[in-house]
Amino acid sequence: MFDLDKWQEIFATIRKNKLRTFLTGFSVAWGIFMLIVLLGSGNGLQNGVEYQFKSDATNTIWLNPGSTTMAFKGMKPGRQINFTNEDYMFVKENIPGVEEISARYYFWENRIISYKKQFGSFDLICVHPDMQVIEKIIIDQGRKLNQIDLLRNRKVVIIGLPVKEALFKNGENPLGEYIRVNGVPFKVVGVFTDRSDRDQQRLYLPISTAQMIFNGGNKIHNLTITTNVSVEESEVLEQTLRTKLAKLHRFNSEDKSALYIGNTLKEFKQFQNMFMGIKLFVTVIGLFTIIAGVVGVSNIMIIVVNERTKEIGIRKAIGATPWSVIFLIIFESVIITAFAGYFGLVGGIGLLELVNKFMPASDFFRNPEVDFNIAVSATLVLVLSGMLAGLFPAIKAARIRPVIALRDE
Amino acid sequence: MGSSGSGKSTLLNVIGILDNYDEGEFFLDGKLIRDLNETQAAKLRNKTLGFVFQSFNLIAFKNALENVALPLYYQGIKRKKRNIIAMEYLDKVGLRDWAHHLPGELSGGEKQRVAIARALIAQPKVILADEPTGALDSQTSLEVIQLLREVNLTGITVIIVTHEHDISTLTDRIIHIKDGVIGENIIVEKMKQN
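Read top to bottom, the protein sequences are chains X and D. Under this note's numbering, the first residue of the first sequence is numbered 9, with each subsequent residue one higher. Under this note's numbering, the first residue of the second sequence is numbered 1354, with each subsequent residue one higher.
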């Protein structure tokens, strides 16, 4: 098998039939290349959207109060609905299926954050500690906000990594330092990161402290909960929340703009379904690409053997055994498909790497990657089919009596 | 010799174990050749027989040297060694300078000389030549036959199939075939004396 002479004979044949070699190789390389690019793009698309989703918990329901559009019990439409701490307590204590819950209180204006002579403007979000779970923040330094911070109305804050970089130049340690939020000093107790870049440009404050210091009273802007129920049950939960809050705030429970409800569970499920579809689609196209490659290789191998019938006759007349003929043809096919497959593989992965490197990761496309095992198996399938495609014509050729093969013009 | 369709090529193919035969017996080098499998036939052809064809049957993508060396490849002789031997044989047929040319770059006579060198390289016992001059002009034909004559003088049997009278007169013995049956058997005395 590893007789160097045999390989030299095969390589000599390959070298001297460049067009034939190129055509066989090209169909294989192209098939593999397309397959890799296709699979990679599919994965990139999925990774992008999934990353986006996974920067927050994927089982959240959020509630934003709005203003009514329907008259209800003698009240005119256009009435503003406001949430307070009571709504937080109400949902927390009366609605089954709620895991984590947090209210949010936003500052819309005067968001001036400063430390010594550094100033910045970032989102200020005042929350319950549960929000840190819902937002899936990752603590980089220090600690998270906790229940005691809330109970004691501590003036503490955790800041996103970009906030730290903007305020604390020269690598100062922010922990224990006081930054000013709209002029009020807050002690930094933690630095966090978030997979979503936008969600890092933030500071989280205990909601009770913020309400007290910034004249918020008991007002909250939003309620976010997580739940461990199924998608179907989450829709029931959504409906329960709507009915109960409608009763509490006296608006028509059909009035969608009085209370906006978002359900990431449902959205995530929809995306998962969509990606299952895309995956199936990509797999089917991938399979057909491979089949096209196999057919291409088979075709060329049959033509090659037909074309070489006379050569085989000559070789047999001067002493080639049937096995040596089969070996010659099969291994030529294997070498070409293996090399071409390798080039297609490297080319496809190279292209994906280039895209990965030079195209910034967006919300819709991120980290296009291919399961290496799939890529290698696809190449092996093509090599194997090249071998099979060559085998039958080769056996046929090896069986022909030399006198017939020699007569072939 | 014989006219076309008389069965002379078929006989030669049977002798060369390129084709099977239906009845009778054929002994090659004292061995009955019957129902050999392809591998055995291939080995026998490689060791004891050399072929020269009308249409030369050189492999187009191999140069003269590689064509001549090919039988040795099938004997498992290393590349370096077989190329040296092939060069010797090319030298014998006067084509040393053409060793690295492809068959397409050679004239008909040169191609046939390459084919003869290829037939000789395995040092066969018999050379089978099927119309070796069929595609050549008369001057070149004469040169080729002269070459085969020289081969014959080294002790190798040369069987030539031809339908040209001029060619047949240059041999030691002429066997006529008509409709598949061997007829006249003439020993040419004057060549024997040569």
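Source of the hints: derived by calculation from the structure; they are not laboratory data. Please note that the accuracy of each hint is not assured.
Below, a list of computed lysine-lysine pairs in the BS3-like style, where the Cα atoms sit at most 25 angstroms apart [to be verified]:
1. X:K24 with D:K1400
2. X:K404 with D:K1433
3. X:K14 with D:K1431
4. X:K318 with D:K1400
5. X:K24 with D:K1415
6. X:K26 with D:K1400
7. X:K318 with D:K1415
8. X:K14 with D:K1415
9. X:K14 with D:K1384
10. X:K14 with D:K1531
11. D:K1433 with X:K14
12. X:K26 with X:K318
13. X:K24 with D:K1434
Proposed proximity, K1415 (chain D) with K14 (chain X) (alpha carbon, max 25 angstroms): With a Cα-Cα distance of about 15 angstroms, the restraint between K14 (chain X) and K1415 (chain D) holds, given a limit of 25 angstroms.
Taking only the CA atoms, is the gap from K14 (chain X) to K1384 (chain D) under or equal to 25 angstroms? violated, 31 angstroms
Can the restraint linking K14 (chain X) and K1431 (chain D) be considered satisfied, given a maximum Cα separation of 25 angstroms? Satisfied, since the Cα-Cα distance of roughly 10 angstroms is no more than 25 angstroms.
Does K1400 (chain D) lie within 25 angstroms of K318 (chain X) when you go C-alpha to C-alpha? holds, 21 angstroms
Can you confirm whether the C-alpha distance between K24 (chain X) and K1415 (chain D) stays at or below 25 angstroms? holds, 8 angstroms
Take the C-alpha atoms of K26 (chain X) and K318 (chain X), compute the straight-line distance between them, and say whether it is at most 25 angstroms. OK: K26 (chain X) and K318 (chain X) at ~19 angstroms, within 25 angstroms.
Would the hint linking K24 (chain X) and K1400 (chain D) be met if the CA-CA limit is 25 angstroms? violated, 28 angstroms
Restraint check for K24 (chain X) with K1434 (chain D), where alpha carbons must lie at most 25 angstroms apart: This hinted pair holds, its Cα atoms lying about 22 angstroms apart.
Pair hint outcome, K14 (chain X) versus K1531 (chain D) [Cα-Cα no greater than 25 angstroms]: violated, 45 angstroms
Is K318 (chain X) close enough to K1415 (chain D), meaning Cα to Cα at most 25 angstroms? holds, 14 angstroms
Distance restraint between K1433 (chain D) and K14 (chain X), which requires alpha-carbon spacing of 25 angstroms or less: OK: K1433 (chain D) and K14 (chain X) at ~14 angstroms, within 25 angstroms.
With a cut-off of 25 angstroms on the C-alpha distance, tell me whether K404 (chain X) and K1433 (chain D) pass. violated, 32 angstroms
Checked against the numbered hints listed earlier, the structure breaks hints 1, 2, 6, 9, 10; every other hint is satisfied.
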